[in-house]
Amino acid sequence: MKAEIWGTPVAYEERGEGMPLVAIHGWTGCRLQMTERLEPVFADLPGYRRIYLDLPGMGETPPCARVQNTDEMLAFVRAFIDWVVGEKVPYLVAGHSYGGYLVRGLLAAEDSRAAGGILLCPVANPVHARRVLPPLVPLVEEPAFVQALPQPEREAYGGAIAVQNRRSYAAWQREIDGVKDRFDAGYLDAIVRTGYGYARLPEEGKTVDAPALLFLGRQDDVVGYEEMLELLPHYPRATLALLEHAGHQLAIDQPETFVAMTRCWLKKWESERPQQ
Numbered sequence: 001m002k003a004e005i006w007g008t009p010v011a012y013e014e015r016g017e018g019m020p021l022v023a024i025h026g027w028t029g030c031r032l033q034m035t036e037r038l039e040p041v042f043a044d045l046p047g048y049r050r051i052y053l054d055l056p057g058m059g060e061t062p063p064c065a066r067v068q069n070t071d072e073m074l075a076f077v078r079a080f081i082d083w084v085v086g087e088k089v090p091y092l093v094a095g096h097s098y099g100g101y102l103v104r105g106l107l108a109a110e111d112s113r114a115a116g117g118i119l120l121c122p123v124a125n126p127v128h129a130r131r132v133l134p135p136l137v138p139l140v141e142e143p144a145f146v147q148a149l150p151q152p153e154r155e156a157y158g159g160a161i162a163v164q165n166r167r168s169y170a171a172w173q174r175e176i177d178g179v180k181d182r183f184d185a186g187y188l189d190a191i192v193r194t195g196y197g198y199a200r201l202p203e204e205g206k207t208v209d210a211p212a213l214l215f216l217g218r219q220d221d222v223v224g225y226e227e228m229l230e231l232l233p234h235y236p237r238a239t240l241a242l243l244e245h246a247g248h249q250l251a252i253d254q255p256e257t258f259v260a261m262t263r264c265w266l267k268k269w270e271s272e273r274p275q276q
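Position 193 of the sequence shown, counting from 1, maps to 193 under my numbering, and the rest follow consecutively.
Just to be clear, a hint being listed does not mean it is correct.
[To be verified] Once the Cα atoms are required to be at most 30 Å apart in a straight line, the calculated DSS-like pairs of lysine-lysine come out as:
#1 Lys2 x Lys180
#2 Lys206 x Lys88
#3 Lys206 x Lys267
[Claimed, not checked] Beta-carbon label-pair distances, calculated as ranges:
#4 Gly47 x Lys180: 28 to 36 Å
#5 Ala129 x Leu232: 21 to 29 Å
#6 Phe145 x Val89: 23 to 31 Å
To be clear, the hints were calculated from the coordinates, so they are not data collected in a lab. For every residue, glycine included, the Cβ atom is placed at its ideal position computed from N, Cα and C.
Start from the sequences, fold in the hints, and give me the full structure.
Listed below in structure tokens is the structure:
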């Protein structure tokens with residue numbers, strides 16, 4: 001499916017019917033990352049219209065000349081949501097990593113229609129060199145299997161996944177194959193150099209009224225978790241899951257916990273949702 005936003009054809013797909021839930025992938029990723037993570041949640045949970053998009057310069061969406069920084073990326077995503085969901089329709093939103101960074105902006109906007117958000121290992125500090133990062137100390141559940149992998153593959157997998165076994169390897173490999181060489185490196189590098197961070201902290205001087213589900217990994221050596229904890233006072237309705245044996249790919253490391261907690265949170269959200 002395609003949506004025309006600011007002269008740019010945006011690739012996206014929809015699954016299910018009901019309450020719109022817009023899912024936003026991470027930096028240099030594509031919508032496959034979010035379908036892999038979220039679709040197991042909805043295997044037996046009807047009533048949600050899941051909308052997965054590719055951000056500009058990633059997946060099947062080409063770069064957008066009007067998007068040169070994250071503030072403009074956020075505005076682009078809001079324009080996409082208006083187009084596909086409707087300008088006055090409430091929606092849920094979910095995001096991983098940089099996608100979670102955009103979710104922060106959507107939830108904190110003064111005129112936000114986001115009725116709730118799922119933040120999966122979101123970016124807290126946009127300055128990579130200044131992030132507070134724990135070491136990734138993997139739990140190797142199947143050492144013989146891991147040692148049998150070719151060395152380059154073993155090193156890449158070992159540096160990304162906190163719980164190492166056949167299951168997590170297969171999930172990691174599907175994601176690697178799905179996103180490989182599917183982004184415009186020059187376009188994204190320019191954004192990193194000049195405008196990866198918001199001009200102003202989205203939550204500054206604000207309280208986010210919408211409920212949120214926040215997943216953080218204790219072994220997340222990409223974005224960390226401590227700096228996101230410092231932002232919790234801005235989210236009085238947040239449910240926090242700080243998981244041991246979980247890195248930046250938390251949903252691969254702890255899939256059962258991720259699925260169960262997300263389903264539980266959504267059911268609670270449904271029970272508390274004002275009747276239309």
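Now the hints, each set against the structure:
Pair hint Lys2 plus Lys180 holds up; C-alpha atoms about 21 Å apart against a cutoff of 30 Å. Annotation: proposed proximity of Lys206 to Lys88 holds, straight-line Cα distance about 22 Å (limit 30 Å). Proposed proximity of Lys206 and Lys267 is supported: the alpha carbons are some 27 Å apart, at most 30 Å. For the pair Gly47 and Lys180, the beta carbons lie near 34 Å from each other, so the given range of 28 to 36 Å is met.
Ala129 and Leu232 have their C-beta atoms about 24 Å apart, which keeps the hinted 21 to 29 Å range intact. At roughly 47 Å, the beta carbons of Phe145 and Val89 sit outside the given window of 23 to 31 Å.
Violated hint: 6 only; the structure is consistent with all others.
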